[in-house]
Amino acid sequence: MTQELELERMGAKAHWKPENLTGKMSLNELLFSNEYRHIALKGIFTSLIMLAVGGIFALIFRAELWVPDVQFLGAKVYMTLMTLHGMVMVFGFLIPMVVSICYYLLPKVLGTERLYWAGAAQLSYWILIVAAVLLVIGRPDFTWTAYAPMSFRTGNPWLWMGHVAIILVAISEFLAGAVLVRNAFSGSGGWKNTPLIAWACGTVGLLFLVSVLPLGFVGWGLLSDGLQWTSVAFFDPSRGGSVEFFLYMFWTYGHPAVYLPFVPAIAIIYTLMPRFLGYPMWSYWSGVIAFILLMLGAMPIGPHHFQPLYTVSGDYQRFVQFLTLLVFIPSVLHVFNWIATLFMKPIPDSARRAIPFKFMIFAIAFIVYGGATAFLNGQIAPDSDFIHNTYWIPAHFHAMFFGFVGQMAIAGFYFLYPYFTGKMYNQAMANAHFWLWQVGLFIKITAMGVAGYLYFPRWVYDYLEMPGWVEAQFFISVGGYLVGLGFIFFVVNLAWSSSYGKPAPDNPWPVEFDGQPAPAASPAE
Amino acid sequence: MENALGIWGPQATLMAITASFTVLGMVMLLAAMLMGRRWKPSYAFELGFIAIMIGLVFYADWSSVKTYAAYQENLNIEEKKVSGIAVGEGEAAFDRIVTVIAFQWGFAFISKNEEMSRNAVVVRPGEKVLFKIVSNDVIHGFNIPVAQITAEIDPDTKREMWIRAPDKPGKYLIQCINYCGVGHSQMKAWLVVSADLPTAEHLNSGESN
Chain A
1 MTQELELERM GAKAHWKPEN LTGKMSLNEL LFSNEYRHIA LKGIFTSLIM
51 LAVGGIFALI FRAELWVPDV QFLGAKVYMT LMTLHGMVMV FGFLIPMVVS
101 ICYYLLPKVL GTERLYWAGA AQLSYWILIV AAVLLVIGRP DFTWTAYAPM
151 SFRTGNPWLW MGHVAIILVA ISEFLAGAVL VRNAFSGSGG WKNTPLIAWA
201 CGTVGLLFLV SVLPLGFVGW GLLSDGLQWT SVAFFDPSRG GSVEFFLYMF
251 WTYGHPAVYL PFVPAIAIIY TLMPRFLGYP MWSYWSGVIA FILLMLGAMP
301 IGPHHFQPLY TVSGDYQRFV QFLTLLVFIP SVLHVFNWIA TLFMKPIPDS
351 ARRAIPFKFM IFAIAFIVYG GATAFLNGQI APDSDFIHNT YWIPAHFHAM
401 FFGFVGQMAI AGFYFLYPYF TGKMYNQAMA NAHFWLWQVG LFIKITAMGV
451 AGYLYFPRWV YDYLEMPGWV EAQFFISVGG YLVGLGFIFF VVNLAWSSSY
501 GKPAPDNPWP VEFDGQPAPA ASPAE
Chain B
1 MENALGIWGP QATLMAITAS FTVLGMVMLL AAMLMGRRWK PSYAFELGFI
51 AIMIGLVFYA DWSSVKTYAA YQENLNIEEK KVSGIAVGEG EAAFDRIVTV
101 IAFQWGFAFI SKNEEMSRNA VVVRPGEKVL FKIVSNDVIH GFNIPVAQIT
151 AEIDPDTKRE MWIRAPDKPG KYLIQCINYC GVGHSQMKAW LVVSADLPTA
201 EHLNSGESN
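Those sequence lines, one after another, are chains A and B. Just so we're aligned, residue 1 is where the first sequence starts under our numbering, counting upward by one. Just so we're aligned, residue 1 is where the second sequence starts under our numbering, counting upward by one.
These aren't lab readings, by the way, just hints derived from the structure by calculation. As the structure is a computational prediction, the values presented were derived from the model and not from experiment. C-beta: ideal position from N, C-alpha, C; glycine also. Take the hints with a grain of salt, since some may be wrong.
[Stated by the list, open to error] Which stretches of chain B does chain A cover? Using the computed rule of at least three CB atoms under 8 Å from a CB of chain A, they are:
id, region
1, 14-21
2, 24-32
3, 90-97
[Stated by the list, open to error] To give a feel for the contact side, a few chain A residues facing chain B, derived at Cβ under 10 Å:
id, residue
4, Pro-237
5, Phe-276
6, Tyr-316
7, Gln-317
8, Val-332
9, Ile-364
10, Val-368
11, Pro-382
12, His-388
Working from the sequences, and respecting the hints, build out all of it.
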């Protein structure tokens, strides 16, 4: 029942008609309008700017790492770029982009046609902008994890700006979580009939609300310790504070933080896949159960991020390891659901041609690649061998964050593009973008994994010529630049097509076999 | 080469398992996209698949804990003595005991007779070496690739780890594995394996060679 209803909402109803929304938007509307599509588009385009900024930072330090020894970047500048790359990509691109796409999709899929608590969403956006500005001015170089006591001892006079930015990110994400929860429960028809995107936004919204509290506290503690506001510190061991306290507080947010973009990206799959295939998902309840399990599993397993420290030891270490391995299960439920859905009926030719669908399929490939290999990461023994803080970890999170979440964000963007510009994207340029990203990402992630297996440490701007290290870094840089090239095709495409693209038909995503509408499964019926 | 964690056997098994279900996922995705045959799996099939995955979770947990517990058998013997659970040889199981101070940015190695060296520690081939690691400023890492072992040390605690030195004399990398400030990239040391070094017994009995 549920999924047929969802399909109808996703179909050719009047409110799904493409229109030139971006062309008609006034500056005032863009900045301050509380209309859900305006807020969503503002979030989406800001996130794309953040992606460009974070990407340029990455390309700069990739050039430095291309060969061993120091070329043109000093340690301080390198670490600032690295820190900002991480913060801008996660807090500026991934989380706001998928959340904004959910702001756009939720009112449409639920049929409410409005974003409840839009003022909170507006405030959340502007607070994040202030945080981004503070980060750029303050130029922190303490990595996105801001480990105490290092993060207030780096000798940068504007360091407090980085700590204030952490507090602002927490407030911004808290508001976004509240908006997601409010809207997830706004559909009619009861929770048994609510689409999977609402389940996703409800569960991840709750995760936002709970998990950002320790992040806000961490930001406050770092600020207070760094500026020495009190005689006794929270985290500074030289003034009676505890580093371990910092670690537990930070990673109580830090692990759920990786699900904050991950779950909305999953929600985009559950919304787009039936739309392109023209038939419902393989299982509704399997998806619901997986969302709930993922939410419950996220909080207690944070300590696996600092497991080689003595504070995580003995039975507690085993408890963390076991729950970490178990959190694998909800992701397996999701991936099983997607592959089973693809297997059920013939895949329409229209879907095979559609760029969002292609990005979605390869995003699933990357979640398998990065997720299944991460089965090793959860285990204490291999983690204490070649996994902890070597390049194996960036390989894992670039596969998950970029290969999966980032590509789903782009899939959502291509999907929505005709609806908010009234034009179709250019297929050839979109294909170039698509293939450059798949090839670049695969090279980059695989080379990172190899470097990690050879114990290449994270966060170094200069490295020795150990066997395999130079080759691995070379290939990571090549992959990174291919991704950058793909991004240029993307930007040119979205700018060019918004003026000169083919006008989008009333239903930009018809379900067709050989140019004929699919007989029984057409959403128009 | 034998490494301290004794990990290679169990790790190879788990890497093979991991690789095989990564490939399985890719193959199923490809088949769903390219194969002509269509198939609607049942819930029973999904439950069976999940049951296998949960079985793998139990196996991985058991295998990892077993390996790691064996590695820790002779570590932290002082705490074990306090609790009255000290069994085995304790520090007598090791040929050489070195205290390591990790600092911003480098490692200092202090031998049993208070000889200190910075950024290099000399051991004999095949020796079992116990490192007692402390940090006096920020969180540091301690990773010896050739011995396949990593630990992290925060300023509040002492951390013990041990390695079996390589049989082949030479110079092996020791590196910090956790970002510890702007000098992190330079925080390296060398494990120098040399057959010329006197054994710890020689030193204790006052001999030299």
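Hint-by-hint comparison with the structure:
Residues of the region 14-21 of chain B with a Cβ under 8 Å from some Cβ of chain A number 6, which satisfies the need for three, so the listed coverage holds. Under the rule that three or more residues need a Cβ within less than 8 Å of chain A, the assignment of the region 24-32 of chain B holds, with 6 such residues. Given a C-beta distance limit of less than 8 Å, the hint that chain A covers the region 90-97 of chain B is violated, as 0 residues qualify and 3 are needed. The interface hint given for Pro-237(A) holds, since its Cβ lies 5 Å from the closest Cβ of chain B, which is under the 10 Å cut-off.
For the restraint placing Phe-276(A) at the interface with chain B, the shortest Cβ-Cβ distance is roughly 13 Å, beyond the 10 Å limit, so the hint is violated. Hint status for Tyr-316(A) relative to chain B: violated, with the closest Cβ pair at about 12 Å, above 10 Å. The restraint placing Gln-317(A) at the interface with chain B holds, with a minimum CB-CB distance near 8 Å, inside the 10 Å limit. The beta carbon of Val-332(A) comes within 5 Å of a beta carbon in chain B, closer than 10 Å, and the hint placing it at the interface holds.
For Ile-364(A), the interface hint holds, the least distance from its beta-carbon to any beta-carbon of chain B being 6 Å, beneath 10 Å. Contact between Val-368(A) and chain B, as hinted, is supported at the beta carbon level, the nearest pair being about 4 Å apart and thus within 10 Å. Hint on Pro-382(A) holds. Least Cβ distance to chain B is approximately 5 Å, under the 10 Å limit. A distance limit of 10 Å between C-beta atoms decides the matter here; for His-388(A) the minimum to chain B is near 5 Å, and the interface restraint holds.
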